[in-house]
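Novice: Chain residues, written in single-letter form:
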Amino acid sequence: MVRDILMYMDRTYVTQSHEKSTFIQGLHLYRIIVWEHQHVQHRVSELLLQAIADERAGELTDDRDILKKVLSMLLQIDAAENSNVYERDFADNFLGSTQEFYQMESSEYLAENSASDYVDKAKRRLEEEKFRVLALALPPTTVDDLQEILHTELIQRHAKTLVSMENSGFAVLLKDETKVNAMRDMYDLFAKVPASMDDLRNALCATVKNDGRALIADQERGASDPPTFVKGVLKMNERYNLIVNEAFRGEARAKKRLKESFENFLNADTRAASCLAVYADDLLRSGIKGVTEEEVIRLLNSVILVFRFISDKDVFESFYKQHLAKRLLSGRSVSDEAEKQMVSLLKAECGYQFTSKLEGMFNDMRISRDTRDAYKTHKRERSMEERNSNKNAVDIDVDVLTTGYWPNVKVPLCTLPQPIQDAIDNFSDFYLKKHTGRKLSWQTSTGIGEIKAIFGTNDNSRVYTLCVSTYQMCILMLFNENTKLTLGQIASETNIPDLELRRHLISLCTPKHRVLRKGSKGKGISGDDDTFTFNPEYKSNARRVKIPLVSIRDVSKNKKLAGAKAANPSASGNEVLPLQLEEERRHLVEAATVRIMKARKQLHHNDLIAEVTKQLQVRFVPTPQFIKKRIEGLIEREYLERDEQDHRLYMYVA
Amino acid sequence: MGANSKPAQISREEWMSGCQKLGLGDINSFKALLPSLELGFMERADFRDFFKFCFKFNLEGTQKTLDKDLVVCLVDITLKERIAGDRLANFKEFLNTTKDVSYDRITLDQWISFLDFSIDCPDLSVYDEDSSAWPVLIDDYVDFSNGMKM
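Residue numbers (the working numbering), protein chains in the order written: chain A, 107 to 760; chain H, 2 to 151.
This is chain H alone, in the form it adopts within the complex:
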């Protein structure tokens, strides 16, 4: 909405100009507009940017990765309406139970790839690990998921 000056804070001017851009004059039109602002409506490309933004937003200082537990929470908040519920639960469990220490921190690449992967590959059983270009995290996740089903 153009409120860029301070993260997670909207200054009064930004609010005013934002409202103007959206054509909001009073509280009623605001109420009318609200449902359409639900995340659910966002186009795929926009949502993707938003998803990336979520990750970057939470980065601290000069770090490039997010802590795994934080990722588990974030993934839940952002993707709850977007991808299949069992997929999401699956993935969270994978992250929580994996013993691989290299996954203690999650990179942006892994983050955004999970979203793309969830959209591109709805069916895990046809996943071809050997020729895939997805990050190894995804490969391990598929192994985990298939292992669970078996």
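Here chain A stands alone, though its shape is the one from the complex:
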């Protein structure tokens, strides 16, 4: 108003002489005379703060409007004069008292209440402050500062407590599926202070790892068998995925850390790979019987799910191959189609090379079937004469396996009974005529035979058909000539390797299938002169009897197993890898290294390690030390050399 009156002066005199305009002068005088009057300044400031404190304590003020006006007045003064009245007399104190207030309140509250309650209260307080800011029209700088204080006091200071609090902390919530909502609330709260979210993620990882380790410990103790372990892992995976999606709102970083935690505990041990193979074996032997096609696919995919976490994939392949071989050879797999599906899923994950051997195995079985049919036709077509002379001829069904694809088993030949040997020779002739240049090695450690055995006395004889293994057959045939034999005699007649011999003998003298009677008492075989006698008293309910083999573990309690295992440097943990895999890994690393160096001509140490690891990680994860050792070997063999000036640079030697 005053300004209006003095407007003329403002426009002309003021601008000419650079004095302050009326309005500004007015404000200036106001500030000096009114505001900074001792009675006014402090009282008003205090009243302001008091009003806000009251509000926080729960008392509503009707005076918000007045407060707003006072504050805007201060702001105007500041704007006009470049003074900092607002800051000095209000903002600083306001922020200071806010900080004190919340510091106290949050600590007290947390001490008495559960974490979830605290989360709710914090949420409410944050809302409250937001409204107040709007109502009082505080300027942006204050708003920012205020928010920071709130976040620090309410959230950051107590982040760790909230996570680890007993009974209601985040770590505890993780264990309870029903508390997903509470978790989400806490997540939202923490989201305001990004740094504290790490605490939540860490808690998640710790819980996952603990659960995982518990599963492994169970499996180690023998409290759970491999399939149970895998199912446990799958369940865990489902559960924690749910938590990440709901509570963490599907946040990418949380997902990544979840994956890392799974990988961490699963790869602490090779057992995971072997358990997974056993689980798959179970499924393909019987688990998918009578199950719908979709379910089959889901189950097979569950195998792949866990497979993805495992870093030593070649260990899994080796175990899987062994199981597959047993399944194929004994005709035990439930469904051919399921087998093929599993293999194609593996191929999709890891590429053609990974599954080429497995597919080779399937091929072999198919071709063997064809060969068998051809052989049958061939036998029929032989002349009558030949057939008559072979009265003792035995029928055999042969599976021909390509050595490279199937798991390696080096079996020394045992001495087969003559009729069997004849049959084998016949087949060999037939096969080798068809495929010249090939060599057949007969795997006498596998194979089933059916023998007709006559028990009882001459008047009262029982005839049974016994289904036995090849070795058992060789042993039993000996008893055609002798009623009683010692271990030593049997060993020299049959040439069966010692451990297997014992195993097969014991399985022929078990209480359930006492075809032979053992001289010594007790479960084991006493020594080379332990005797075995044919038991004519043997009885069975069925006409056809399958004589099962006792497990190797029972036999070998006192004997050392001749296993080719050695501690190896290529694995990431301290596991024991079969020698063969160890060698394979060495070759793979060397081949990859040479390949890479040939293409790049020269490469720095770190880059080379990175490249090799990248190329091989589909199969397994080599440690940098392992790769380094192989590099040194290559330097020695002059495939590579070190640069003279820079020892970290390698060069390809053409």
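I should point out that these hints are in silico values taken from the structure, not numbers from a laboratory.
All C-beta atoms in this analysis are idealised placements derived from N, C-alpha and C, irrespective of residue type, glycine included.
You may find that some hints are simply not true.
Said to hold, decoys possible - So the derived label-pair ranges between C-beta atoms look like this:
(1) A/A697 <-> H/N59: 57 to 63 Å
(2) A/N308 <-> H/I78: 52 to 58 Å
(3) A/R319 <-> H/R45: 49 to 55 Å
(4) H/Q64 <-> A/A454: 48 to 54 Å
(5) A/E455 <-> H/I78: 55 to 61 Å
(6) H/L71 <-> A/S626: 56 to 62 Å
Given chain A's structure and the hints, the job is docking chain H onto it.
Specialist: Coordinates of chain H only, in the frame set by chain A:
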């Protein structure tokens, strides 16, 4: 010195031509020259070549590696003035006490790397094994050495 025709032997002609190259006329100038021929003066690059030569010189036949015990002796002779005494003693002890059979024979790479390593890394405590490009022998040696100090 250009005496290359037979290892460890210098023929008379080679001796004569060598002396001429060095500008030696009589016994006195020879004596004067002698101290400067001490290994100690050799420049780093030259010494490195010389060091490599020592290794190769001792190789037998078509072999590419030297026996560990021989290496222990050689290292002593050649490096005595060049690298810190305790480092050398340390390394010899490491070689002598290691049970790792892969170190029974030492390769040229390991040999020359030891020299380079001794020059490049005087302080073992800052050695970073995981990202190093030195041969594994050196890594193991550092482990051994640090283990001893602890």
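Novice: For each hint, tell me whether it holds in the structure or not.
Specialist: Going down the list of hints, with the structure as the test:
1. Taking 57 to 63 Å as the suggested C-beta distance range, the pair A/A697 and H/N59 does not conform, at roughly 33 Å.
2. About 57 Å separates the C-beta atoms of A/N308 and H/I78, a value consistent with the hinted range of 52 to 58 Å.
3. Distance hint check: the CB atoms of A/R319 and H/R45 are about 53 Å apart, consistent with the given range 49 to 55 Å.
4. At roughly 49 Å, the beta carbons of H/Q64 and A/A454 sit within the given window of 48 to 54 Å.
5. Taking 55 to 61 Å as the suggested C-beta distance range, the pair A/E455 and H/I78 conforms, at roughly 58 Å.
6. Judged by the Cβ atoms, the range 56 to 62 Å given for H/L71 and A/S626 holds: they are separated by roughly 58 Å.
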